[in-house]
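Asks: Sequence:
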Amino acid sequence: MNKLSKAIRKANSKYNKENFERFKRDIFKHTLIWEGGAKLHKLKGDSGGWTIYGIAFNYNKEYFNDLADFKDTVYDEAAAIAFCKYYLPAHVNLVQPLAQIMYFDMSYNLGTRRTIKMMQKLIGVVPDGIIGRKTKEKMYLVSLEKLTEVRKRRYYRLAENNARLKRFLKGWLNRTNDIEQRSYKHKNNVE
Numbered sequence: 055m056n057k058l059s060k061a062i063r064k065a066n067s068k069y070n071k072e073n074f075e076r077f078k079r080d081i082f083k084h085t086l087i088w089e090g091g092a093k094l095h096k097l098k099g100d101s102g103g104w105t106i107y108g109i110a111f112n113y114n115k116e117y118f119n120d121l122a123d124f125k126d127t128v129y130d131e132a133a134a135i136a137f138c139k140y141y142l143p144a145h146v147n148l149v150q151p152l153a154q155i156m157y158f159d160m161s162y163n164l165g166t167r168r169t170i171k172m173m174q175k176l177i178g179v180v181p182d183g184i185i186g187r188k189t190k191e192k193m194y195l196v197s198l199e200k201l202t203e204v205r206k207r208r209y210y211r212l213a214e215n216n217a218r219l220k221r222f223l224k225g226w227l228n229r230t231n232d233i234e235q236r237s238y239k240h241k242n243n244v245e
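When the sequence shown is numbered by the working numbering, its final residue is 245 and no position is left out of the sequence of numbers.
Because the hints were derived from the structure by calculation, they are not lab data. Any given hint could turn out to be false.
[Claimed, not checked] DSS-like mimics (lysine-lysine), calculated; alpha carbons at most 30 Å apart, straight line:
{"id": "1", "residue 1": "K60", "residue 2": "K171"}
{"id": "2", "residue 1": "K93", "residue 2": "K125"}
{"id": "3", "residue 1": "K60", "residue 2": "K83"}
Generate the whole structure from the sequences, applying the supplied hints.
Replies: Structure follows, in structure tokens:
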């Protein structure tokens, strides 16, 4: 059984099934708007190479037999990878519901470990990128506003420290603002 099959099995397991369905319905769709959806594309200057559903081939080769296999990726496969590689390790379900879309999108865009460290700084625990007991106990304190603020600061720093990345700043900020607005709209639609 390859890694993709394992991710699909894990996401659809009795333990995760309900959470996985909620993830697909309420969270992943917002990130996909910024990741190109089902469109296979390759952005010049992006080290991830070919991308579909936000899954970058160069960073996820272990899930696929080859590039042709990757190009055949369907939504549920991409969702299973995103759920198992980003949502579960980041413990997205432990932050306030209003902050979950932003927190997941940060994990997907900036990397899980970096996002966890950013979140840990916000809640006043050692920013080691590992979610242990102390982090779990305080994750509910993470607010959408604070995540939005720390994310924007990260992007400004990236652009400031690397001239090559300045061309991405406007898009990163647009994405952050859009995800923030989607979070509020989603909350209002759910209530």
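Asks: Now tell me if each hint is right for this structure.
Replies: Structure-based check of each hint:
no., hint, in the structure
1, K60 <-> K171, "holds (27 Å)"
2, K93 <-> K125, "holds (10 Å)"
3, K60 <-> K83, "holds (22 Å)"
Of the numbered hints stated above, none is contradicted by the structure.
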